[in-house]
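J.: Sequence:
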Amino acid sequence: MKPLSPLTCFDRVPFFPEGATIHRRGSPRRPHAARRRSGRKARQGPKMRYEADDSGAAGRLESDRLAAAHDAGNDNERRGAARHRVALVSCFRPRRCGIATFAADLHDHLREQRPDIALDIYPLEPGAPGAEPDSERGDPSAPRAISADDLASYRRAAEAIAASKADIVWIQHEFGIFGGPAGAHILGLVEHVAAPLVVTFHTLLSDPTADQRHVMDRLVARAARLVVMNEFGRRLLIDHYGAAPDRIAVIEHGTPDRPFRLRSPLRDQLGLGDRPILSTFGLLGPGKGLETAVRALPAIAATQPDVLYRIVGATHPNLVAHEGETYRDSLVALAERLGVADNIAWDNRFLDPAELVGQIELCDIFIAPYPNLAQISSGTLAYAIALGRAAIATPFVHARELLGEENGLIVPPGDSDALAEAVVTLLAVPEERERLQRRAYARGRSTTWPVIARAYGALLSAAADRGRSAVRIDRARPSLAGLAALCDDTGLLQHAIGPVPDRNHGYCSDDNARALILVNTLGAEDIGKGPPARGQTSPLAYRFAAFLQHAWNEEAGQFRNFMAYDRRWLEASGSEDSNGRILWALGHCARHARSPDLRAWAADWFARSSGMAAHFQSPRAHAFAMIGADHRLAAAPGDGAARKILEQGAAFLHRAWKKASSADWRWFEPVLAYDNARLCEAMLRAGRTLPSLPYAETGLSALAWLQEKQTAPRGHFRPVGSEGFGRAHLILPFDQQPLEAAATIDACAIAEQISREGAWRAHAERAFGWFFGANDRGCVLADAVGGRCFDGLTPHGVNSNSGAESTLAYHLARAAMAAGFWQGGSAAAGIEGDDPPHRSEWSRTRPAMGHPAA
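According to this note's numbering, numbering within the sequence shown proceeds without interruption in unit steps and concludes at 852.
In case anyone wonders, no lab produced these hints; they're calculated from the structure.
Ideal placement from N, C-alpha and C gives every residue a C-beta, glycine not left out.
Some hints here could point you the wrong way.
Claimed, not checked - Calculated cross-link-like contacts (lysine-lysine; reagent style DSBU-like; alpha-carbon spacing at most 35 Å):
# : residue 1 : residue 2
1 : LYS657    : LYS707
2 : LYS656    : LYS642
3 : LYS707    : LYS656
4 : LYS707    : LYS642
5 : LYS707    : LYS163
6 : LYS642    : LYS657
Said to hold, decoys possible - Here are the in silico distance ranges between beta carbons for each label pair:
#  : residue 1 : residue 2 : range
7  : GLU157    : GLU353    : 33 to 41 Å
8  : THR423    : ARG81     : 48 to 56 Å
9  : HIS727    : ARG233    : 40 to 48 Å
10 : GLY784    : ALA208    : 40 to 48 Å
11 : PRO179    : GLY784    : 40 to 48 Å
12 : PRO410    : PHE258    : 39 to 47 Å
Start from the sequences and build out the full structure, keeping to the hints where you can.
T.: As structure tokens, then:
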């Protein structure tokens, strides 16, 4: 694993109001962007549950100025004023659950506080695909709705989000609201969106199941911002899930903004007068600990005979589904046995948010007797404090943080006597109760919905603004200092930690072959179109050539690839792809080396090793070898071995195309991987050189399709991400590698030569712009002054190591743009500026054969 490196393109987030904290940091780096993030075992300990009440207590403010109902299309009217577009994925009204109400509240207040943020709602609808709507569902035909148990529905939502050009994807996360094992279906959306991801966690576990751990690891690894509702949740993310502290924001649960009322006028309307009222709110279940409160009632009633304990909330629907009203019935029976049935009022319903606020204001004391001390979020407790109610709670995590030393009373869990004593004390001393209420109300001012909405607005805007900096394309020829720093007297080291070569990973023939191509390409560019001058070859060319020569294994008839820093070969034979790339480098060198002796050396080694290409089964190995063979034929049209490689490779790729290609997947394989455009370039070269119209048309069609897939809705270049490599008919946006941009430029230069279509230059320009911030994160990867390039673009920004592959890709991409487009020629990376005799008439007179996407 490569060491952690800081991001280089993100500014700090602005200060958040009312104590909200925002952090950010880069992510761990791998030598290859395609390597998967390794799992992290949770540290064992007591099971901690971070859970917002699923009770409706996260009710929205009842003010008439806020929308009572939501039409997802209404936000379109605000687009003219909107600076950012946010896709909100959550349960939403009219669904009755705490998260739906929380999301609706936040949505309403964000619209009021931040009219420059347009919110598109992607509501989670419960039930299996095709299920009939029920009272919990919205309109199943509503735009953007996601069917929770239908994995394909998440993919469609991701496509809709991409088409909408959303700046941010914001997920309200709770395991139970998404389909799949532990809600894993949400990952089907997450991995397909390129926009920065913000996740608000409503549940966190310190001892998750394997499925829960998998979901959490993917969300933590992918999200640009992780939001929790208190400090304990932040520590849990850091200690148990390895989250970067500076990517975590603490934003508390929102609460109503109401004037302080010592006594609710609703008391008189209901005929309650000054009767002492205790209350507990939320969906009923054993996790509420209500039996403890019921057992405390006899002692309370002994000193306050007219006390009324109001238990408000429907039984949790999951509990009802499994055992009906058994739990509620057991509480009723307990109250009757204790003789306090007349001191309890049951309100068995899910309250609308406006009514919930009024019901909380009715009570003198709010009781939260929860037995689960690991619960680290309670919407009902947050509401009670913000509304200025005296609160008594067990020492669960959220209660300890929210009540502190002076905003409420803490009693031991399951201790009815202690609970009764605390209630009696507060009822007997109204002055102390009032002081407690006023302190609670003051504490709640920092959690009112307007304050919380402003905090979320700042977070969302900061995340969206990161990719909005002006893009400045630097066409200057990059310094070779970055490349030289990676070289020693053996060859080119393959990896770096930051800008410093990493000797632990040694060398590879792959990169030394690329480097040989580069030094010969730069030589041709320096001299122009004339023949290379004798005696002007860079010493680096001989060093890279010597490495490839030493890599040959006569016994195996192939080249080795990986060498340790102590010059030990680590394998008998390299991969087919690495051997194909060496043939490419040799064929290119045989034509473009500045020294006749080096050209002769390369031609000899090409002939000596070319036979291995007949056994290739890898499409990329064939493509690389074909490119090398095409260069060899340009210098020596009668080279039979080179022509055989080109003919056999083209036939192989054409068969693959006919087998794998379909109307919506015009490609050579059912998967995409690295260096994709090289397959198109190889077919274009074969079509031009052999010549063959079907081969050229195949190359143009495949490249047009690839460019369609590599163009983001906003129009910038988005290379195929390594997370999707090798996954059938799947294209994912991250991680993005410089190699893809360089390959695209070379292929587009050939395509423009053949088709005479100017759109290919536009594609090439976009690909080169990717190096300088015209990408999904607005990050600059290339540095012309230092001559280096970062190793890739991740969901969190650049991977700030600068290894050989990436640095070479930048140099080769710039050389290709200069030779193929900026200088008006078509000699990109050795592409000929004038047509060789064996193909000139065909390539000059044939009509355009492709229709590249604009």
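J.: Each hint needs a verdict: does it hold in this structure or not?
T.: Results for each hint:
| no. | hint | result |
| --- | --- | --- |
| 1 | LYS657 <-> LYS707 | 20 Å, holds |
| 2 | LYS656 <-> LYS642 | 21 Å, holds |
| 3 | LYS707 <-> LYS656 | 20 Å, holds |
| 4 | LYS707 <-> LYS642 | 32 Å, holds |
| 5 | LYS707 <-> LYS163 | 15 Å, holds |
| 6 | LYS642 <-> LYS657 | 22 Å, holds |
| 7 | GLU157 <-> GLU353: 33 to 41 Å | 39 Å, holds |
| 8 | THR423 <-> ARG81: 48 to 56 Å | 53 Å, holds |
| 9 | HIS727 <-> ARG233: 40 to 48 Å | 41 Å, holds |
| 10 | GLY784 <-> ALA208: 40 to 48 Å | 44 Å, holds |
| 11 | PRO179 <-> GLY784: 40 to 48 Å | 47 Å, holds |
| 12 | PRO410 <-> PHE258: 39 to 47 Å | 30 Å, violated |
Comparing the model with each earlier hint shows a violation of hint 12 alone; every other hint is respected.
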